[in-house]
Every structure is written in C-alpha cells, then in structure tokens.
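Residue strings, one per chain:
2 protein chains.
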Amino acid sequence: MIKKVLIGLLCGAAMLTAGILIGHYGIDKSSSSAPAWVRDVSRDVDEGLLEEILSEVDNVRIQENLRELTKMPHMATTAGDEQTVQLMLKRWQDPESGLDQAWREEHMVYLSFPDPERPNKVTVVNSSNTVLHTVREKEKAYTPDQMDPAVVQPYAAYSPAGHVQGKLVYANYGTVSDYILLNQKADLKGAIAITRYGGAGRADKAINAAPYGILGVLVYTDPFDINDGFTSDANETYPHSWYMPPSGVERGAFASNYGDQLTPYLAAKEETYRIPVKDIPGVPPIPIQPIGFEDAYVLICELGGEQSPQTWQGGFNCTYNFGGPGFRPSSGFKDSNVTMDIFNYGELTNSSNVMGVIRGSVEPDRYVIYGNHRDSWVHGAIDPSSGTSVMLELTRVLGKMLKQGKWRPRRSIIFGSWGAEEFGLIGSTEYAEQYFTKLSERTVAYINVDIAVQGNASLQASGIPSLQNVVFKAAKQVKAPGVDSMSVYEKWKQYSNRTSPLHGLIPRMGHLTGAGSDYAPFIHYLGITSLDLSYTFDRSKTKARIYPAYHTAYDTFHYSSKFVDPGFYTHQAVTKTAGSILVRLADSLVLPLNCSDYAESLEDYLNSALIMYEDYLLAVNISMEPIKRAVANFRKAATHLEQVIRSADLANETPMKVRKINDQLMLLERAFLMPPAFPSQYRHAIWTPVETTIQSFPGLRDIYLKDISSGKVSLWDKVHQLVSVMSQAIEGAANMLFDVI
Amino acid sequence: MIKKVLIGLLCGAAMLTAGILIGHYGIDKSSSSAPAWVRDVSRDVDEGLLEEILSEVDNVRIQENLRELTKMPHMATTAGDEQTVQLMLKRWQDPESGLDQAWREEHMVYLSFPDPERPNKVTVVNSSNTVLHTVREKEKAYTPDQMDPAVVQPYAAYSPAGHVQGKLVYANYGTVSDYILLNQKADLKGAIAITRYGGAGRADKAINAAPYGILGVLVYTDPFDINDGFTSDANETYPHSWYMPPSGVERGAFASNYGDQLTPYLAAKEETYRIPVKDIPGVPPIPIQPIGFEDAYVLICELGGEQSPQTWQGGFNCTYNFGGPGFRPSSGFKDSNVTMDIFNYGELTNSSNVMGVIRGSVEPDRYVIYGNHRDSWVHGAIDPSSGTSVMLELTRVLGKMLKQGKWRPRRSIIFGSWGAEEFGLIGSTEYAEQYFTKLSERTVAYINVDIAVQGNASLQASGIPSLQNVVFKAAKQVKAPGVDSMSVYEKWKQYSNRTSPLHGLIPRMGHLTGAGSDYAPFIHYLGITSLDLSYTFDRSKTKARIYPAYHTAYDTFHYSSKFVDPGFYTHQAVTKTAGSILVRLADSLVLPLNCSDYAESLEDYLNSALIMYEDYLLAVNISMEPIKRAVANFRKAATHLEQVIRSADLANETPMKVRKINDQLMLLERAFLMPPAFPSQYRHAIWTPVETTIQSFPGLRDIYLKDISSGKVSLWDKVHQLVSVMSQAIEGAANMLFDVI
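Protein chains in written order, with our numbering: chain A, 1 to 741; chain B, 742 to 1482.
Just so you know, the hints here were simulated from the structure itself, not pulled from any lab data.
Beta carbons are placed, not taken as given, at the ideal position from N, Cα and C, and that holds for glycine.
None of the hints are false.
Going by beta-carbon spacing under 8 angstroms, a handful of chain B positions derived as facing chain A: (1) P776; (2) E1012; (3) P1105; (4) E1366.
Kindly generate the complete structure, drawing on both the sequences and the hints.
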C-alpha cells in the first residue's frame, strides 16, 4: 500500500514536474514574451571580441600593404592614383575579408600641374643674358624610386604660370611682418623673393609679397628647420639617415581655402557652377616655385645688402643678407637677376573617393566615419600611405569578423579613401558638401589617420575634447611598440602631458585647430566630433617640424621601413589603437563622448581669454559675462547629463532613452557652429584655426592680434558681435545637454 | 482496479494540469519576458481617444477666451500685453487643465512707437502757412473699445521721425514701376507721395520713393481694395457691416526683415551685440504714415496733374490724378503743401514669449510645436486673438486629458505664445535664433494658427506638401460649421481645389512662400516642416484681400462675434482641425509626413520652371538637367521610403527602425536649406518668398523677373549657381529618404 502510495506520489510529482516544464517552456507567453530585438538594442561593446579583433592586426600585412601602395607615385588623378583606387576596391570587395559594400565616387575638380613638356625653370642670369646657375629640376636619385618617370617635378600647385625676372631678396618665412621689415631694407619693386617654409601658409608667402611689387617667390626648406642643420648627402642626410637630402623639395598646395577651388560649398559635379579661375580667393597672385636647399644655398649665400636679423638666419654656413636687392658685388652673380619660368596649368579632372561601408545592426542610421586620403605627391609612403596601410589592415580584420558572422557593429561604419587631399582636402570636402545634411544629422564621429607613423616616440592625438576618454581607453589597451612593459597610453603620458583638474596627470590631447588633413571639412564645416591620430617622433631630439622627407621624392617604402618603422610594429600599434576607438564608437550602448572633458577645455579657453582680453574689453564696455555664463551653463549641463546617464539603467529601459542621450551627445558638436549668417568654411565657434598657438577663443584671438594689441579700435563692434556669437553657440551647446524638454 | 487506475489517471492529469498552469503563469520567464516599454514604443494614435478630445472642444469657452483676451488693447510690451501674458501663464499652469510646465521668456527687442505726447500730424498747409486740413489723429469711436486710451495712434512702425513738407503726388501702390511711371508725369523732388496699401511691401512704398527725392509717404487702404467700394459709415461700413469705416487705418511694421532689427541671427539678450540703428536694412529711409480713406479721399480728389491710368483708379468717386505735383488750381488746396510731422521713436524693451510644454512619453526629444502670437495692434480680436482663443481651448482640452491621466503624447508638444509679432515676427524669430540647434535637430513640425477665423467659407491651409495628408485626414474628421452634412474637408474642396495626378480632385493647400506670420522663422530659417491654418471668407463674394478691420481699432470682440463668427462655431471647427493635426503629429507611430506629396509639388515646380526658363537657359549653355535629375531622384527616393514603410511591421520590429524612418521624414526638410555660404533669413531652396505668384523655384523666378525677361544677361552666373544650389539641395533631400546606408 505504502509502495502504491509512493508510486502514486512519485507519478503525481512527475506529472506535476512535467506539467510545470511544459507550462513554462512549452507554451509561448504570446503577448508578453520579449521580441528577439530586445536584447540586441541593449548590447554594449563586447570586450572579448574587441580583444580578438585587435589581436588579429598583423604588422607584416601592414608592411606589405605599404609596399603595394608605394610601388609607384600616386599623385591625384594619375595612373598611379587609379591603381590605388583599384587596390582599395579589390580589398574592400573581397568576399572573405571585405566590407558590406564598396564603390567609387568621382568629382570633377580643378587641379594644378607642372607641364612635363616644359618643366618649370629657375635660373640666375647675368646682365648679358648668360645663365650662371640653373636650379635642379628634379630631385637627385638615391634609389630607383626617384627615377620613376611619374615623379612629378617639384612645383607649387595653384601658382600661376608666368615668366618673371628680378633681383633676389631674402624674405625669411614670408610673413606679413617679414615683408614689412624687408621693405625697409631693400627696394622690392620688381624683385624676386626667396623664402623658407614655415611660419606662414604656403600661399601666404606669395600673397604677402605681391603688394610690394615683388614679381615672383621661391621657397625652400632650410636645414635649420628640418634637418637639425645637417646638409651633406655624403654621410648625413638620406640615404644615410631620415634627413632631407640637399636636392629634396617639399611640394604642396598653395591655396588658402580647402576643397575644390572652383565650387565652394557645392559638390563638384560635371554641370556644377564654377567660379572663374581668376576669382579664386587665397591663391598666389604671382608665380611661386619650391626649390631644394642646395640651390637655396647657392642663391642666399651670394646675396648682398644688409645682414638680416638673428631670427632670419638659418642652417647655412653663411650670413643671410636681405639682398641689395640682388647679389653681393663680390659675388660671381653680381648684377645678375633670378629668372622664373613657370609653366603650371590648371585642369578639370575626375578625382575619386573610394567608399566602403559596414551596415550597423541596431542603428544603421548612425555613422562612424574613418578616413584617410589616398593620393600622394610622389610615392607617399608616410603621407598618406602609412595611414592607408593601417586602414587596409583594419578593414581586413573587421571585414573578416564580419564575413565570418562573428561581429556586426551596432552603428554603421563608413570608410573613406579620399582623393586629391594634397591639392587641398578636395575629396573629403566634396564629400562633405555633397552629403551635407545626411552627414550632419547622422555622424557620431570622424576619425582621421593620415600620416599614421612618422616616428616611434609617442601617440599623438588631436581631437574634440569629448573624445579624450575613448582615446585614452584605447591607448591603455595597446602595448607601446618597442617598450615591453608600457601601454601606448603610458608612453604618451611620459612624452607629453598636462594636469587636468579632474583627472590629474594625463596625456595631452591636442585641439583640432588646424586644417592640415581631411578632418577639416568634418569638424570645421559640418561640426562633427573629429579626431586626428598618428605616431610621432621625439621632438626633444630634433627641431624638425615634420619628418624630413615630407612631400619629397624620398617619402618611399625604403625610407619608411628603414628609418621610420622597421618591422612595422608602430604601424601595428596605431592600427590597434585606432581600431579600438572605432569599435568603441560603433558598438558602445552609450556613446563614449564625455561632455565634462569638453567643459574642462571650454573653461581653459575661457580662463585664457579672461586673462588676455577682459580688461581691454571692459574699457570699451564690452562685457565678457555672457561667455562666462555660457561656459558655466555648459558645465552645469554636462554634469547634469552625466548624472542622468549614471542613474539610468539603460540596458533595461526603453531603447528610446539611450537613443535620446546618444543624440544629445552626437549633436552637441553641431550646436557650436556659428549661425548661418556667418558663412565660411570655418563655422565652428571654438576650434576655428588661427595663426597663433594661444589657446583661447579663435575669433577674439584673431582680432586681438590684429587690432587690440596694436591699439586700434576699429573692430570693437566685431569683437562685441563675436562675444555674442560665441556665447550663443556655447549656450546652444549647453541646451543640447540639458533635459530635452 | 479500473477505478484505481482511473483515479490514478485523473490525479495524474490533475497534477499535470496544475503543473502546466503553475509553469505557465506562476514562474516568470525572467530573461525572456517582455519589458513594460515594449508595448509603449509601438503604440499608434488612439482614434477613440482623439475623438473624445475633439468632442470636448467648446465654442462658448472659445468665445469667453476671446472676450477676456480683448478686454483691452494688448500691443506688444504694453500693460495690456502683460495682462495676456498673465492669462496664458494662469491657464497653462492650471492644476486641473494646464500643461506640464509653462513659463515666460523675455527678449530685449527694438520696437518703434508714436509719441503719445506729440501725436503724428498730417496737414494741408497753404502758402501763407494756414492749415487747411488736418488728418484725423485717431479712428472714430463706434463702441467703447475705440475710446480706450490704450488704443495706439495709427502709425508706421520703424518709420523714422521727421518733419517734411511738399507737394502731393499719387503713387498708386508705390511699387518700383509705379514710381517709374509717376516720375515721367511729375517732378518728384521734394514731393510727398500718397500710396494705397497692397501691391508692395509696406516699407517698400517708402524705400522705392526715396531715390526720386520724395520726402515723405502717406499710405491708406482704398475702399476698392478692401470694401468692395463701400465708403459710408452711415449705413454701409462698420458698425453696420464688417467693412472698414472711413477713419479706419491699417497699422503695421514697416520693415523688410523679420525678427529683432538690431540683432540679426542672434537672440536679443541684454548684452547681445546690436547693430547701429542707422544700419538697419530694409526700413523706410523717409517718414511714412498711414491714414484713413476719409482723409485720403480729401487729398486725392483734389490732386492736379494728368489723370493716372485705369489700373491706378480706386474706389473714390473722383478721378485719381498723378498730382501736378500738388493740388488742382481749381482746388481749395491750390498751391498748398502737405506737411508730415512724425514723432515716432525707437525703444529697447522686453517682449515676452509664453512657453508651455507637454512632455512626450516615448520620444520626449521630438517636438511638435504649436504657436501663435499674442500681441495685437489694438484689441486684435481676429489678429491674433482668434488664434489665441483657439489655442487656449485646445490646451485646456489636452491639459484636462493629461491631468486626468487619460493621455500623454508619444512626442513632446511645445506651445508658443509669441510676443511682438506685429513688429516683425520678433518673438518667434528670437526663439528660433536662441534655440537654433535644439529646434533644428528635434522638431517634427510647426503649426501656426494666427488669424484662426476671418470668415466662415472654408478652411485655408498653407504648408509644406508632406503635411497635406494629415491636414486632409483632420479636415475629414471635423464637421464644417454651418453646414450639416459636410466635413471641413468637403467644404474646402468645394471652395478651392486642384487635380492631383495621384489623388484626383482634392482641396488646394497653399505653399508657405510668404513670411506673414510666425511660421516664417520655422520654415525659412530653421527648415522645419510648417503649416499655417485659418478659416476664411468667400473670395468670390468680395475683393477684400483680408478682413476689413485688419490692424484697425475695429478688430474687436464686437466685430468678430457680430460679423465674423457669431456663435463661435467656426472657431470650434478650427480648434478641432488643428487639434487633430497636432495630436496625429504627436502620437502617430510613423510620422504622418508624406514624401510622395512632396515629390508631386517639386515636379509641379519643375514643370513650370522648364516651361518658363529652359529655353532661355539653354541659349546661354546653362543646363537644367541637374535639377531634372534631382527631382527624379527625389521621386524615386520617396517611392522607395514609402515601400519600406509599407512592407515593414513597425509595431513589432525594433523601435530603432521606426525611429530611423521618422528621423528621415523629420529631417527631410532640413536638407532643402541652402549651404551655409548663402546666408539669409530665407535659407530654404524651394519655399523662399518672391514677389510674384508664379509657382516655381523662387531664386530662378526672381532672376527671371529682374533679368532674363528684360533681356539683360548680367546675372547668368548667378542663375547657373542657383541651378547648382537647388540641385544639390534637392539631391540632399533625396539622400535623406534613400536607405540610410
């Protein structure tokens, strides 16, 4: 009986258990069961997967990318450029390791070239028309690279053609004040000026010269500024070291405005309206030509006239005189003129961006853009192909994960391989102009890695302050190349640091107050949170402002692999760091943009501004209180939003909540743009470039430099207006962070 | 045994059942059960609840709102204005039927007033300085309303003060061509011109006159243009009908640009930079003063000189001569001058917007804005208080639902009671300038109901074409006032219609190509999808361009309740229509914005443009192909997005999908804004106001009028540039509708 009862109980229990199991698992709770997407929308960065991604990054593949990319010169729109287009497309369309989609986009842009049939000529000609000296037309060959017929003759893009002759004068860096001083020392009417790179924009050296009646300008890189004084290719310069050989010439775009010069604010399509070439603003009004320092040496050391000031002296073993104008009476060039025969011509031609995308899984309408230009001046192993090699390895690793079904980012990722950057950030700017609203409304951030590696000392990052945190996080995750026990972050902090009121001693991230690469249209025109990343050399060990082969025919695979990054471990570290930043921006549930760090930068700017300008402005009844209030409001709003984020359970609350917060963070940057009444390529009220390195509000600083400091008061109204514009921009940014309603 | 087995089976079955029940209901499916918000995020408009909301709208309450609002004149920043501020705040903060929050926001703006101590004077003075006629200073009183000391003397806001005297001439509407003709008939140097309202902007009548040496301008409303010829207050005009009495004077802002005149593009805060008053663009350079037609009659009918053309003749029973200049030799005014003593002054003063919000439940960061100005010229029963009465009733009904916990919209609703509209849309413009980015990024639509009711014939709507569908849906839901069997929609279609290629015969919704009310900063400056709504009179029965008491001291409760909407049933119908539109925009899962209807309008515009300009442009090698392609792309994109919407199961898919689509629809309008390089208050490439009624692209049309049609070719470059700008804008808009990646 007991047995029967037991059996009965056991059976009953078994039935009950079966019932419970069936009831729980077997029957769908129809209306109340969670849809499949509930988990997707709340997913955050998968740190394990990210580690796996980064561990796939291969230095040897980067090296081989670079070798492939630098096989031949690939100046914008040349056959070499087209080869790199095809390479990008092939890689990004690879079925095993490509992206979701890749394609090319063309713009018809205005470029400027030297005439291969009639090379530009610079000569010294005496009074009986005998040529006493001819400037070298091409750089000296040390490897087969320099012998490639596709190496473009050194020239100044956008310099007008022209044939001018005159007495030579030395104008230092060719700044406004340089010409003012020089004009007191020599008769400049009809002269030719020789200037050195640095100190002023390329085009400015000619623009500043023209009002004095100067007919043409030469520009060279002084060994003092780039080579720590080394000048001999017998044993000092490349190929013996990374220093610029005597015949090396920096090429460049000589234009003040970025983007296609004929279609400002409009994408350069075939039928797009073009301004007349003669109306292009900010290009040299007179011929200008860059030359090597071996020729500059011959010219400068023979100059007559008074000795120029100490700050004008460079690295040559002679005195830099102003020029009589012209050469010393004791010189073999006595009474000779310098003649410039410049045959540059402009051409409308198709330049390609190569675009590739990875579709986001949860928020395809949010973009993280990662870009670099593809075109070089010559082989461009460092500029830009170090960045392109890194980008190709990064897309391979991500593409592989994608194709294997292991990973798809929350947000969409767009890769841009920009064309014609060397002619003035043209590809990226046309892209920004063409997709203005779409990009403005949807882009979370833009990451630029152009010169990825120009040294092995430290990571160098310039970006919007809200990105500091994610850059640090990535840098902590990656081991510093060549140092066993240190992270990229630690090495960086050792190399360049500052003390933050909030974080203590941290690496110093720079501000994006320049326009030196393709981040410019993103931050300055679109107002998109941007970052520029590279690995750099130790500036305490050299005065070079950039790696010495920059824009010369020596920026080759040989140069990079021998003198810059043997083994490509630094390229690898940059790839990992950039990759980590990219994946975090694409995958984080809450965007890793920190507005308190932004507030700290604004407070820094404000404090500098108060020290420099407040008394001046009060004296003319312009109050800085509105800016003070705006910055204080911004701080309050940032603190508030962070509190909201901290106190929310975003993984479990409605996905509209995290989207709302992410939109606040994403669009914050847009609020800093000046009202549309102040049209310019530089629309950002905070990060607009200026000529000095004073860390403060750029508009005020400019006017201060031009006006207040000189005691003139004609621009007070402009200053007052700027105070209002900046206050409104900062208040508007604060408004984006406070509760949305 | 069978019994035992049966019992055992029954027990087992019972246990199984119990188990199933426990398993299904008793145990939470933890990880996989749906969170509470899953249903919220997919909720659509509740049509039953909407019906309940609309059924609450009460005509008598609207009437009482109007009575309260019009107790005294409430010109901007006066004591009467402050009373209406307090009324709005009281209603919107009501614990039973108020909004979530309401507050005032002040701007320090530049207004222009007549001097109560020294009223403006217009007289006829003979050669011995005897005053022969004095223009009436205040309008004649028919009800106590006109006797209120707060009734402002008729004047032209922003007319300069000044004391001028000269021979009178008649200049018709004061257009550019009117003055050209007049200048051929009379010596205008030193003259005073009398003009009639209409045909040109208010300020233009003086701006166009000044170059001829004309010293001052008078302006009046001709009985032909407003009164169907009726002129006598003995039995024809108010108080016997709605027609303007002889002493009635239309006041107005005489300024071409909207917003505070001293702080363009900047919110007018106390410390904001202000341009010098002398630099305000687009205001009269010479004194101008509006007068009643009883005085205009006395002046015009005495004029000498040649008879003016037929199109210049108005409603007076005399011939309108040009003026000799001056009066007929046979007139009692022979040799007399007209003297204007204008004492207007400018003042910086605080104007208030009253703001109220209802927080959205699911997407608080999406705004539907509903607004109307609060300030009037005098009592403003129609302009703007008909709209304000409607808004107050709508907020009461919505507020009640809200406070009772019956309803909370999906998106946030913002109500704006704007200040100082009559002085140039100042309150709304300062708001748009101050919150530029926040509003641009988050606003779904702006609904403006200013003059809610100026007649009983038909609904009248002007708006962005994508709103047509939701306006129709709302209009079908509401019964037409005074017609038993018809909806507002049917009545509207009967009154004004067009044939749509897609929809067949439908009511004609107008385009927002004007800047006559507070929608202007929203559509033209911010690029926000906007709508202007009112009920109007039957234009087949009168030539009046607007209700005849417009901007006079007769726009009173008495006037409205007696001649415009006795019983306030039309006000009620407008409240319901606007309310339905508002709730649908706030509550719909998918935003009710239809981009195919937008495409239809663009195609209309394009077709007109091709007919009018294509041949002209081809002759100078300007192709319209880019616009054609852009419009075709827009159509393709619109069709595609609608296909995406139709084929999706948005209520069950991830809420990120509907948010993505809604962002596409919301931000579409922003893409039509011109690039920031073309700064203006009018940034919209399609709906910018122009002077003609030709339905085509405004920029082209303007240049066509000024240039192409007259055979001049100086502006071809500008035309080409415009074609490029418009193409890029339309392509950019299409890009917003295609798949996001």
